[in-house]
Amino acid sequence: AQKITQTQPGMFVQEKEAVTLDCTYDTSDPSYGLFWYKQPSSGEMIFLIYQGSYDQQNATEGRYSLNFQKARKSANLVISASQLGDSAMYFCAMRASGNTPLVFGKGTRLSVIA
Amino acid sequence: EPEVTQTPSHQVTQMGQEVILRCVPISNHLYFYWYRQILGQKVEFLVSFYNNEISEKSEIFDDQFSVERPDGSNFTLKIRSTKLEDSAMYFCASSSEGVSNQPQHFGDGTRLSIL
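Residue numbers (the numbering used here), protein chains in the order written: chain X, 1105 to 1218; chain L, 108 to 222.
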């Protein structure tokens, strides 16, 4: 079974600063995918970034990057140059090989301060 | 950009009533999912669906729940006799392939309130 742990219930960051949201995972499957989703107060789930277990390089997508440390089983999300619109819940999720469901962490609420 | 569409956005139902939540997945996607999120809690998997049958379901997905793909575009979740604890946000998701490197794209959700 897969497990995702997000230890930061809430984070604050100053506008234009970078912030790291922590995520650790546990799985016995050698092939898996790691995902980050953003959930604004309006409730929708927005896919941000993906990292595969066999990817050699850290994923990047605009201002989002994923700090993937396989030996430590961590997949932290880094948001650079924070904007007020980044204020939201952020969920780390993983999916093992095959048509398996996403397993989510409890989320981190990010608040960007002007 | 194609998106997953869910209707209604908000459903209020009396306890014991049946409710049907509707989803239109992205058109070329073949794998469909329902998740729920009780207020303030994490997102939980309910069921996955492929090739007109359930692929996997969680413990939450008991006999009160059913899914259907009645035509080529819609994917529905039915709750037969709703309970207070069914109050949650229900998300439909779809993906193009059932492999670990494909993201699941979520709809905006249906907020279900049971009175």
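Mixed in with the good hints, there may be bad ones.
[Unchecked claim] Partial selection, computed: residues in chain X whose CB lies under 10 Å from chain L:
1) Phe-1116
2) Ser-1146
3) Tyr-1154
4) Phe-1195
5) Arg-1199
6) Pro-1205
7) Val-1207
8) Gly-1211
[Claimed, not checked] Simulated crosslink set (DSS-like; lysine-lysine; CA at most 27 Å straight-line):
9) L/Lys-164 <-> X/Lys-1210
10) X/Lys-1210 <-> X/Lys-1174
11) X/Lys-1174 <-> L/Lys-149
Hints are computed from structural coordinates only; laboratory data are not their basis. Virtual Cβ for every residue (Gly too), placed ideally from N, Cα, C.
Let me make sure I understand: some of the numbered hints might not hold for this structure. Which ones are they, in numerical order? Violated hint: only 1; rest satisfied.
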